[in-house]
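*Asks:* Okay, here's what each chain looks like letter by letter:
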Amino acid sequence: MNTHAVKVIYKYEMLRAWDTLLQSFASPVISTSLYFVVFGSAIGSRIEQIEGVSYGAFIVPGLMMLALLTQSISNASFGIFFPKFTGTIYEVMSAPISFVEILLGYVGAAATKSLIIGLIILSTAGFFVPLEIAHPVWMMGFLVLTCISFSLFGFIIGLWADNFEKLQLIPLLVITPLVFLGGSFYSVSMLPPAWQTVTLFNPVVYLISGFRWSFFEVSDVSVGLSLSMVLVFLAACLLIVWWMFKTGYRLKQ
Amino acid sequence: MQPVVSISNLSKTYASGHHALKDVNLDIARGEILALLGPNGAGKTTLISIICGIVNASEGSVTVDGYDIVSDYRITRAMIGLVPQELTLGAFDTVWNTLSFSRGLFGKRPNRAYLEQLLKDLSLWDKKDSELMALSGGMKRRVLIGKALSHEPSVLFLDEPTAGVDVELRKDMWALVRRLRASGVTIILTTHYIEEAEAIADRVGVINQGQLLLVDDKLALMHKLGKRQLIVELETAVAKVPEALARWALEISADGTRLTYTYDPHNTHTGISALLQAIGEAGLTLKDLKTTQSSLEDIFVSLVKRK
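Taken in order, these protein sequences are the chains called A and B. Position 36 of the first sequence, counting from 1, maps to 36 under our numbering, and the rest follow consecutively. Position 1 of the second sequence, counting from 1, maps to 1 under our numbering, and the rest follow consecutively.
Treat the hints with caution; some may be incorrect.
As the list claims (entries may be wrong) - Derived SDA-like pairs: lysine to any residue, alpha-carbon spacing no greater than 25 Å straight-line:
1. A/Lys11 <-> B/Gly90
2. B/Lys127 <-> B/Thr88
3. B/Lys128 <-> A/Val29
None of these hints come from the bench; they were simulated from the model. Quantities reported herein were computed from a predicted structural model and do not represent experimental measurements.
Okay, chain B solo, but in the shape it has when bound (with noise of 0.2 Å):
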């Protein structure tokens, strides 16, 4: 199937001499929610920025729905809704007309019945005649989601769309995010947030230093790349890890009372009974038992810490 967006070999060198993209490939599906990852300067904003029209590329090229964001930005800009990270809006304007000033910039005739629907849906209706900045930060975020779906994108950008939000903001965002995707936007999302990609992300991609180190589907990345650990508490503290244990590299916690078995769950073999029976042989008596899964951010951390 077609990408809905295809960016190739994207590139860009600011006139500082900044390199904030490296040779970028990537393909984004259509109704898919992809998560794009990465540290502060890592070229997340630049990406999205050279998508949406807002910073020009130095090399490379990209498409949205089979159309190049330059030759035909007419079209794919009308395809784009853009939610940026900063609390980007005019201070006097009413909640009403900001909305309404979007969708008539992207080109959409005057719709009442849509803009009502949507502010409903983001919980501003009774908020539609207020000013701007007599707006909570959440509510002027949501504005903001406001103003980038008020002329029914079908492809969604969320700079940081969590970034300073209480957790039940934030929850109430993700499920704004599974919505609208169910309706067929596709959604790409930068953030920091590690919880959030694993929470409502199909795909992940982690960026740093301008260059896109992997992109694949969440599930599938903490499958290849998770370890698993085994924890073993014992009832009597220990000064060292037997010799008897040794074949299975355990780390012994500070006050001996903890002992862990990091393992690849892929393995046919992982070890663990034999690890077990050789723990009862050497005397040691266990008081709990605990295995954990490393998370997304275990992943992140340590791609980064890679490159």
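Same shape as in the complex, but just chain A (with noise of 0.2 Å):
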């Protein structure tokens, strides 16, 4: 094992977002905030509670899953994207260093940034609505398996993508669309029921349901299904990198 490999990688990740705070920490919060003025203060205050949970309250996981997706994608694909468009990409390519060694390296720095984002996100959340955490080993179970899932899957962005232009489709196009429908700003089961079925398709629901369920203890669906997508998920989004790395798919001519 390349432990120095793995080191210096997730150091120079984690320098990188030290180095622009603002963009990487700040900004988040800061529109996650603006969320629960918006949506937890003003109109929250005029809607009634969601399965005994106060609309405030209710909002959080999800607008916590839509900050840590974002943020897991974004890190993630721009940690690998970058070197490749600048060229740098060629010492990792040339180094002593097996694709485990680089996925802990830059996806465990941008499952990091992420961690630390939701956190905050979660402090922050105390300021505008009071916060149980009913289960508090499995809400930090589904924060550490969310940002490493999705920053597993920004990292197969990064590698496909050749240009910016790709770097922001999926994100934008894909999933802001699936976590807004996702029901981070509702329980599916307020949906006309030909709707509640179209929206157990988005791998979304899933994720944000099982984090909810360790909020309050209310969820869309059994707390077993969504950690068995989240697993799943994630199985997925290895062997995809597994065999991006085996065939040096975008990496390798």
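Put the complex together from the two separate chains, hints included.
*Replies:* Quick look at the structure:
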């Protein structure tokens, strides 16, 4: 195991976030706080409780997931795309390092950044709404698994993308709509029956539902199913990254 | 002695169908400086990229110090340093940080003293805290060499190391390459500049259209393929070469004042004495005599043209 390589990649990526502190941490926290102000306080005060939970508190897990998913993808995709774009990737490709070690460095750093953002948002939410976490261990479990899975997904996008447009394509056109339609701001049970069925094809529903359950013990689908879906997604991402490195897809000619 | 790098039947065909390397075989001896000469698109960078793990070979194998570059990649890559052709550096990193990063990436624990000495050797110590984007092109080139040497490799690949650098820096680079060789590092460099190969290489390989045309000791190559010319300047111009001098196949200059005789210096009888005597007998008066040896460049051009 080339631990020195893992350390330097991890440190390099974390320092990059530190150098762009406002963009990396302040920006997602400010935008999420604005959601709390608008949906939680202004509009939320006029909405009834959902399944016994105040609307302001109900949207906290969804908003956290929205930030986690977008930040994980953005951090990890940029982390590997930029060396490809500048050509400095040659050094990683010629180093005595396995794909697992590359993942530990790049994806580990991206997941850590997302985790920090998630915890900052959670603390910020406490200023706007009273929060109680019913199952803190499950909450942390979902948080960590989501950060890792979507950082892996972002890493795949970064490897796949060969220009800046493609880098933004999936986060903007796929992830953001899936999160907004995945029950971030509402319970799936509030939708008409036909739409409830359609919504079940959205993988983010399972993520938000399980995460919300860890806060309030209310969920749209069973927590076991939520956990299984996250693990399946994680395994699928790992498999794709393994294949990409094995074939040298978009890395080696 | 076992070669430090051994390339066997190496071929590469890109997805586009371009056949970049065709059945290349090459052994590189420990501690030598090998210059790979070739025009653009000859396959030089592809060859280096395969050995370093950046490009997959289509066929054939490469070993470094007896280890296969695919199955034993951790061992082989730790032994290799690569200076790429392009100035590929992160803009916002400092010189010190980028060298530390490279050292760690290649599995070496931090060593402040080694990196300090390396930067001093490269005349970069006073720039150690400078951001890379603030450096000149020549300094960036030296940073790339520093990165490649940061993990103390025993084999160094330099891909066009002096492309676009001024004469002074080029000579500095050559001095550095000689120092590295003296410290036991095997050096393989690709270059367009024949002068570079002539100045620093022990052996020269000529590659064109993916084929290794020849590899030989530099001096032996020049000895084997080099021609010499005797240039005779005349006091008075002549309209044509006199009949009496026909057997020497002389070339005459446009103004008729210079006759050129091309000969093989390794022949027992070069025919020079007889030529000079025949020139006198033909009534021509000599003004000056000059001999020239064909350079590596002439040899390279003739080899590439021949193919």
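*Asks:* State for each hint whether it applies.
*Replies:* Results for each hint:
no. : hint                 : in the structure
1   : A/Lys11 <-> B/Gly90  : holds (15 Å)
2   : B/Lys127 <-> B/Thr88 : holds (18 Å)
3   : B/Lys128 <-> A/Val29 : violated (36 Å)
Hint check: a violation occurs at hint 3 only; the rest are consistent with the structure.
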